[in-house]
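Sequences and hints are given; from them, build the entire structure.
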Amino acid sequence: MIIKINGKQENLTKQTTLSELIKDKKIDSYIIVVEYNKKIIPKEEFDKIILKDKDKLEILTFVGGG
Amino acid sequence: MSFYDTYLKYKNFDFKNFFNSVTENKIKYILSKERINRLDFLSLLSEKASGFLEDMALKSHKLTISNFGKVILLFIPIYISDYCSNSCLYCGFSAKNKIQRRHLNYDQIETEAKKIAETGIKHILLLTGDAPKIATVDYIKNSVKILKKYFSGIGIEIYALTQNEYNILIQEGVDSLSIYQETYNEKLYAKLHPAGHKKDYHFRLNAPESACMAKIRSVNIGALLGLDEWQKDAFFTGLHADYLQNKYMDAEVSISLPRIRPHAGDFKISHQITDKTFVQIMTAIRIFMPRAGITVSTREAPEFRNNIIKLGVTKMSAGSSASVGGYALHNNDTKQFDISDTRSVKKMEEAITKLNYQPVFKDWQTL
Amino acid sequence: MEDILEIGGEKLNCRLFIGTGKYPSDKLIPKIITASGAQVITVALRRVDFSAITQNVMQFIPKNIRLLPNTSGARNFEEAVRIARLAKAAGCGNWIKIEVIPDNKRLLPDGHQTVKATEILAKEGFVVMPYINPDLIIAKQLVSAGAASVMPLGAPIGTNLGLKTKEMIKILIEEIPLPIIVDAGIGKPSDACEAMELGAAGCLVNTAIAASNNPVLMAESFGKAVIAGRKAYLAGFATKQKAAKASSPLTGFLYEEK
Numbered sequence: 040m041i042i043k044i045n046g047k048q049e050n051l052t053k054q055t056t057l058s059e060l061i062k063d064k065k066i067d068s069y070i071i072v073v074e075y076n077k078k079i080i081p082k083e084e085f086d087k088i089i090l091k092d093k094d095k096l097e098i099l100t101f102v103g104g105g
Numbered sequence: 034m035s036f037y038d039t040y041l042k043y044k045n046f047d048f049k050n051f052f053n054s055v056t057e058n059k060i061k062y063i064l065s066k067e068r069i070n071r072l073d074f075l076s077l078l079s080e081k082a083s084g085f086l087e088d089m090a091l092k093s094h095k096l097t098i099s100n101f102g103k104v105i106l107l108f109i110p111i112y113i114s115d116y117c118s119n120s121c122l123y124c125g126f127s128a129k130n131k132i133q134r135r136h137l138n139y140d141q142i143e144t145e146a147k148k149i150a151e152t153g154i155k156h157i158l159l160l161t162g163d164a165p166k167i168a169t170v171d172y173i174k175n176s177v178k179i180l181k182k183y184f185s186g187i188g189i190e191i192y193a194l195t196q197n198e199y200n201i202l203i204q205e206g207v208d209s210l211s212i213y214q215e216t217y218n219e220k221l222y223a224k225l226h227p228a229g230h231k232k233d234y235h236f237r238l239n240a241p242e243s244a245c246m247a248k249i250r251s252v253n254i255g256a257l258l259g260l261d262e263w264q265k266d267a268f269f270t271g272l273h274a275d276y277l278q279n280k281y282m283d284a285e286v287s288i289s290l291p292r293i294r295p296h297a298g299d300f301k302i303s304h305q306i307t308d309k310t311f312v313q314i315m316t317a318i319r320i321f322m323p324r325a326g327i328t329v330s331t332r333e334a335p336e337f338r339n340n341i342i343k344l345g346v347t348k349m350s351a352g353s354s355a356s357v358g359g360y361a362l363h364n365n366d367t368k369q370f371d372i373s374d375t376r377s378v379k380k381m382e383e384a385i386t387k388l389n390y391q392p393v394f395k396d397w398q399t400l
Numbered sequence: 006m007e008d009i010l011e012i013g014g015e016k017l018n019c020r021l022f023i024g025t026g027k028y029p030s031d032k033l034i035p036k037i038i039t040a041s042g043a044q045v046i047t048v049a050l051r052r053v054d055f056s057a058i059t060q061n062v063m064q065f066i067p068k069n070i071r072l073l074p075n076t077s078g079a080r081n082f083e084e085a086v087r088i089a090r091l092a093k094a095a096g097c098g099n100w101i102k103i104e105v106i107p108d109n110k111r112l113l114p115d116g117h118q119t120v121k122a123t124e125i126l127a128k129e130g131f132v133v134m135p136y137i138n139p140d141l142i143i144a145k146q147l148v149s150a151g152a153a154s155v156m157p158l159g160a161p162i163g164t165n166l167g168l169k170t171k172e173m174i175k176i177l178i179e180e181i182p183l184p185i186i187v188d189a190g191i192g193k194p195s196d197a198c199e200a201m202e203l204g205a206a207g208c209l210v211n212t213a214i215a216a217s218n219n220p221v222l223m224a225e226s227f228g229k230a231v232i233a234g235r236k237a238y239l240a241g242f243a244t245k246q247k248a249a250k251a252s253s254p255l256t257g258f259l260y261e262e263k
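Residue numbers (our numbering), protein chains in the order written: chain U, 40 to 105; chain Z, 34 to 400; chain G, 6 to 263.
Derived from the structure by calculation, the hints contain no laboratory data. Treat each hint with caution, since some may be false.
[As the list claims (entries may be wrong)] Below, in silico cross-link-like pairs of lysine-lysine (BS3-like), each with a Cα-Cα straight-line distance of 27 angstroms or less:
#1 Z:232 to Z:248
#2 G:175 to Z:59
#3 G:175 to Z:61
[To be verified] Here are a few chain G residues that sit away from chain U, every Cβ distance over 10 angstroms (derived from the structure):
#4 7
#5 17
#6 138
#7 165
#8 184
#9 258
#10 259
[Stated by the list, open to error] Simulated DEER-style distance windows between Cβ atoms:
#11 G:237 to Z:397: 36 to 46 angstroms
#12 Z:383 to G:253: 18 to 28 angstroms
#13 G:30 to U:40: 34 to 44 angstroms
#14 Z:196 to G:237: 45 to 55 angstroms
#15 Z:167 to G:142: 35 to 45 angstroms
#16 G:166 to Z:56: 38 to 48 angstroms
#17 U:46 to Z:197: 50 to 60 angstroms
Think of the CB as a built atom: it goes at the ideal place given N, C-alpha and C, for glycine as much as any other residue.
In structure tokens form, the structure reads like this:
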């Protein structure tokens, strides 16, 4: 199953929820916002989203800026 | 939101107390500022400020030159109808005054227009009395059509209209509106305008705004100085002009400073406006509104008009008759008011040139 | 004397806003906040870089500081609106600094697109603070669009040139009934002080602090400069005295015997 995360393709070998993916990426301590197929997903729903082929994810966080 | 909301804010303002609190230092400070606010403007109308007339004049002179240059736009009025259904206590055209009324037909208007055009002036101001059933919008529209043949700028000074009516006249070629609130004092207004179409204070107050909404190029407002305490009416005139300028940035806003003049009828002038006061009001307005036009009519005397050219004026009427048919038809029996400066356009031109200013006969033409 | 700046219902004591970009280390940020006294701080939204996870700027920002995310990276109103919604969803409140920059050479903002974005976001309940060229007509449109403040640039971003647009900013201060917060171009504390003396409601400073040799000391200096300028503005300036005049060339006629 191929999905796109922040513009890069990744191959997922097993069924994964959004919250599992975030855990795997070691960014669960971050303040993040996730856009899943162009839709903003509230944090409470990360568990419910099971990733499927051709999904597009944007995972964003805050950085320094003026 | 209309200007009435701004009026209400200051309606019960304690002017007396405010004027008492104005100090000489305060005036000096205000005159050193680049832009002044409403209360600074009011301070410049105080007794204290009258001791700083030369400083105010200097500042006004500089601001006027940097915004307008050394030019005076000349215009000429044409009265086409003096039927009037109002009975304004101070006006020569009042329905109560038993005068010979005139209403020019289109041929007569053309005759007058031709005669006026000989002076070379290209900006004309069309005036009627307040009789919408006689001098109808349609009649005025057709008159504008005639005047367009001879003049490049056409202003109207008629009864208050609705936005739609203004739109009709603007489409026909009217580019500027002169309309005076006479007095902003609502109570006094009711007393002075007991009957007729003009009785409606709010309709009159909103008229300049209606014209702005109809996309008029220029509006000229004012109060008839002398009806109420001049400080108040001068202040509200400034606030009204400022309100329009801020809200309708595409309109050119001007202020007229008519002083009440003798006329038919027996109205007593309650507040005399001296020349000093006139200069104080004019320069205060210029300092408050550096971009506003300031109009002075032939109500003022020749020498005084010469003297104030440098103090902030941008537009002047010249060679005027305040009677219907006063140019070619030689009617001069009933005037709206007595003209004080009776100089011809030619003489006016010479006087302005002598002061090293340029008289402008044609400022623009709407294409 | 209490002097509060109110924006979006929030009451602020400090009129200096600071940015969080370009610091030698984000660890400095808490010290910068303390030294400057700032209560509002800007941040940007970016894709998480999974290959180089280090620290997150958020961990250095105390909880009581108001975050002002910007929409940097947006080149049109759609992108700005999208970034704003994402920032809000991240749970950092509803403040947003709109930055729409289609010009990579000069980094100048697109006023027209900024107005469009402001209109949409204000309707959605955002506290919108748009970054613009100090253009009165655009600023008036922003007022109608529901902006909470207007942030005109003093000079192009990152130039540290100072208040090059001073006359235009003065016009905004006079004409716009919203807090004017000068953003971009402020290079020295005296520039910030000058903006405040003119009557600006606040200043946003980033590069001038972040790129200083001693950012913490510079932050303190900016904090004090903003206070000094504000107090001077509130106090009102003394009159510049001109030389006395003896004659009255313009109004002499009023006093002549007739």
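Hint-by-hint comparison with the structure:
1. Restraint check for residue 232 of chain Z and residue 248 of chain Z: satisfied, since their Cα atoms lie roughly 26 angstroms apart, inside the 27 angstroms limit.
2. Between residue 175 of chain G and residue 59 of chain Z the CA atoms are separated by roughly 22 angstroms; this keeps the pair inside 27 angstroms, and the hint holds.
3. Of the pairs offered as hints, the one joining residue 175 of chain G and residue 61 of chain Z holds, with about 21 angstroms between alpha carbons and a cut-off of 27 angstroms not exceeded.
4. The beta carbon of residue 7 of chain G sits about 29 angstroms from the closest Cβ of chain U, which is more than 10 angstroms, so the claim that it is off the interface holds.
5. Once the 10 angstroms rule is applied to beta carbons, residue 17 of chain G is consistent with being away from chain U; the minimum gap is 18 angstroms.
6. No beta-carbon of chain U is positioned within 10 angstroms of the beta-carbon of residue 138 of chain G; the least distance is around 17 angstroms.
7. No beta-carbon of chain U comes within 10 angstroms of the beta-carbon of residue 165 of chain G; the shortest separation is about 12 angstroms.
8. With a least beta-carbon separation of about 18 angstroms from chain U, residue 184 of chain G lies farther than 10 angstroms from that chain, consistent with its non-interface assignment.
9. With a cut of 10 angstroms on Cβ distances, residue 258 of chain G stays outside the contact zone with chain U, its closest approach being about 59 angstroms.
10. Residue placement check: residue 259 of chain G keeps its beta carbon more than 10 angstroms from all beta carbons of chain U (closest about 57 angstroms).
11. A C-beta distance of roughly 44 angstroms is found between residue 237 of chain G and residue 397 of chain Z, which places it inside the suggested range of 36 to 46 angstroms.
12. Separation of residue 383 of chain Z from residue 253 of chain G is about 26 angstroms and conforms to the stated range, judged on CB atoms against 18 to 28 angstroms.
13. As the Cβ distance of residue 30 of chain G to residue 40 of chain U is approximately 40 angstroms, the hint placing it in 34 to 44 angstroms holds.
14. For the pair residue 196 of chain Z and residue 237 of chain G, the supplied restraint of 45 to 55 angstroms holds, since their beta-carbon distance comes to about 46 angstroms.
15. One distance hint, 35 to 45 angstroms for the beta-carbon pair residue 167 of chain Z and residue 142 of chain G, holds here, with the actual separation near 43 angstroms.
16. At roughly 40 angstroms, the beta carbons of residue 166 of chain G and residue 56 of chain Z sit within the given window of 38 to 48 angstroms.
17. One distance hint, 50 to 60 angstroms for the beta-carbon pair residue 46 of chain U and residue 197 of chain Z, holds here, with the actual separation near 57 angstroms.
Consistency with the previously given hints is maintained throughout, with no hint failing.
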